[in-house]
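One line per chain: the protein sequences are Z and H, in this order. Heads up, the first sequence is in numbering that gives the first Met the number 0, so the first residue is 0 and it goes up one at a time. Heads up, the second sequence is in numbering that gives the first Met the number 0, so the first residue is 0 and it goes up one at a time.
Simulated from the structure, these hints should not be mistaken for lab results. Everything numeric in this text was worked out from a predicted model, so none of it was measured. Any given hint might turn out to be false.
[Said to hold, decoys possible] Pair ranges (Cβ atoms, derived):
| no. | chain 1 | residue 1 | chain 2 | residue 2 | range |
| --- | --- | --- | --- | --- | --- |
| 1 | Z | Arg17 | H | Glu102 | 33 to 41 Å |
| 2 | Z | Leu82 | H | Thr163 | 52 to 60 Å |
| 3 | Z | Ala78 | H | Glu102 | 22 to 30 Å |
[What the hints assert, rightly or not] Here are the simulated SDA-like pairs of lysine to any residue, each with C-alpha atoms no more than 20 Å apart in a straight line:
| no. | chain 1 | residue 1 | chain 2 | residue 2 |
| --- | --- | --- | --- | --- |
| 4 | Z | Lys6 | H | Arg94 |
| 5 | Z | Lys6 | H | Asp140 |
| 6 | H | Lys68 | Z | Glu2 |
| 7 | Z | Lys93 | Z | Val103 |
| 8 | H | Lys68 | Z | Ile277 |
| 9 | Z | Lys225 | Z | Ile277 |
| 10 | H | Lys68 | Z | Pro14 |
Even glycine gets a Cβ: it sits at the ideal position worked out from N, Cα and C.
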Amino acid sequence: MMEVADKLFLYLEYPFVRYALIVGVLIALCSSLLGVTLVLKRFSLIGSGLSHVAFGATAVAAAMSLTNNYVLVLPVTIACAVLLLRTGQNTKIKGDAAVAMISVGALAIGYLIMNVFSESANLSGDVCATLFGSTSILTLTVAEVWLSVALSILVIAVFLLFYHKIFAVTFDEDFSTATGVRAQVYNLVFAVAIAVIIVLAMNLVGALLISALVIFPALSAMRVFKSFRAVTVCSVVVSVVCAVLGLLVSIVAGTPVGSTIVAVDIGGFALFSVAGLIARRL
Amino acid sequence: MKRYLFALIPLCLMCALAAGCSDDNAATPAAPAAEDGQEAGDPQGEQSDPQAAQDGPQGPAGDYIDLTKMSSTMVYAEVSNIMANPDDYIGKTVRMSGLYYVEAGAEPGKNYHYVVIEDAAACCRQGLEFIWNGDHAYPKDYPKEQARIEIVGVFGSYDELGQTYYYVAVDDIVSE
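Isolated chain Z, as found in the complex (with noise of 0.2 Å):
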């Protein structure tokens, strides 16, 4: 035990670490903020959707040589996220037909790209590195942490600003609208927080697993809290708690950084079912 831990005091002098736990808190603390909005407005899948354009955007930017890739993922995760949350009330073509068809294309795309277009000598391995992480969160350089730090603050400032607002939308958009909140404004700026967020949390664990960023907190804070501001909180405080845990227990036992934080993510929703009927109970 006092080996683990002197191990882990080791790993902790190292600047890249504590550059990974600090960006790492601060997405598992945007993306559980928001979280907790998508579900209840059905919109969980959104998550992996805009991820997958992430992804196609990121293989864009590769086969273009560019090294800031955000100049280009950025602008097309916002613009696929506004996209999305307004087909959700086109006729024409449903919300989860949408969600599906842009995740599937620019999965499909991006791969494409990458293989007929791209220069690098280990494209597996890139592929897999953007799908899955890898160690990505310990590779950060300072500029990317500042501009994760700066984004990350912008989404917490948005939600912190607009709290009323988004509460009354997430439970009755028409509701809203009819009592005179600009809900497709709210929508729109939830849209672009979303991406943002989904856009940072690819460091973190990945295009295919930040799902479970979104998702996890949010539906475990349910199990055992049913008001909004309640599980608001609490999963904040799981998200974080299992970030920080998984990435801990990744760089200490050697295991893979996304699907570390992932497990812990569904040992902590476990836990919380238990909890939650437990309380039921008594």
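Could you slot chain H onto chain Z? The hints should help.
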């Protein structure tokens, strides 16, 4: 209040379970490889004594980086860091184990030797070039390609065709 208590229990359990995870990832060196060999190019950077460095402070602040004692996730991240900021590591002693790879150079008889490590997901690879100090002939004295080897040496750089390359100057190669 009761609900808050019930929310605390799973969180405490998760922390307790996570505290039980560990990994002993120390490499076990086996028989030493053959000697004799190859010229170490025109190295730059301050050359420290590997043995003295091993006795000094470890971690990012020290002059000795023992990658064999780190988990695979940390090894990959640290090697990525070395490749991203190589100048910060010049003169430091590096111990690492990985798969041995060789690449033929443009000039006949010129070869470049690498230790390659993989990340925990086994999808990404990083390689560090090493130069074996002394007189060693390839392939006679070197390990078989893709054999697991362990090296200890001083990190340095050399210039070739107007480009700066980084390598580890090793005195011995231990292969499994």
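Against the structure, the hints come out as follows:
no.: 1; hint: Z:Arg17 <-> H:Glu102: 33 to 41 Å; result: holds (35 Å)
no.: 2; hint: Z:Leu82 <-> H:Thr163: 52 to 60 Å; result: violated (46 Å)
no.: 3; hint: Z:Ala78 <-> H:Glu102: 22 to 30 Å; result: violated (43 Å)
no.: 4; hint: Z:Lys6 <-> H:Arg94; result: holds (17 Å)
no.: 5; hint: Z:Lys6 <-> H:Asp140; result: violated (36 Å)
no.: 6; hint: H:Lys68 <-> Z:Glu2; result: holds (12 Å)
no.: 7; hint: Z:Lys93 <-> Z:Val103; result: holds (16 Å)
no.: 8; hint: H:Lys68 <-> Z:Ile277; result: violated (43 Å)
no.: 9; hint: Z:Lys225 <-> Z:Ile277; result: holds (15 Å)
no.: 10; hint: H:Lys68 <-> Z:Pro14; result: holds (18 Å)
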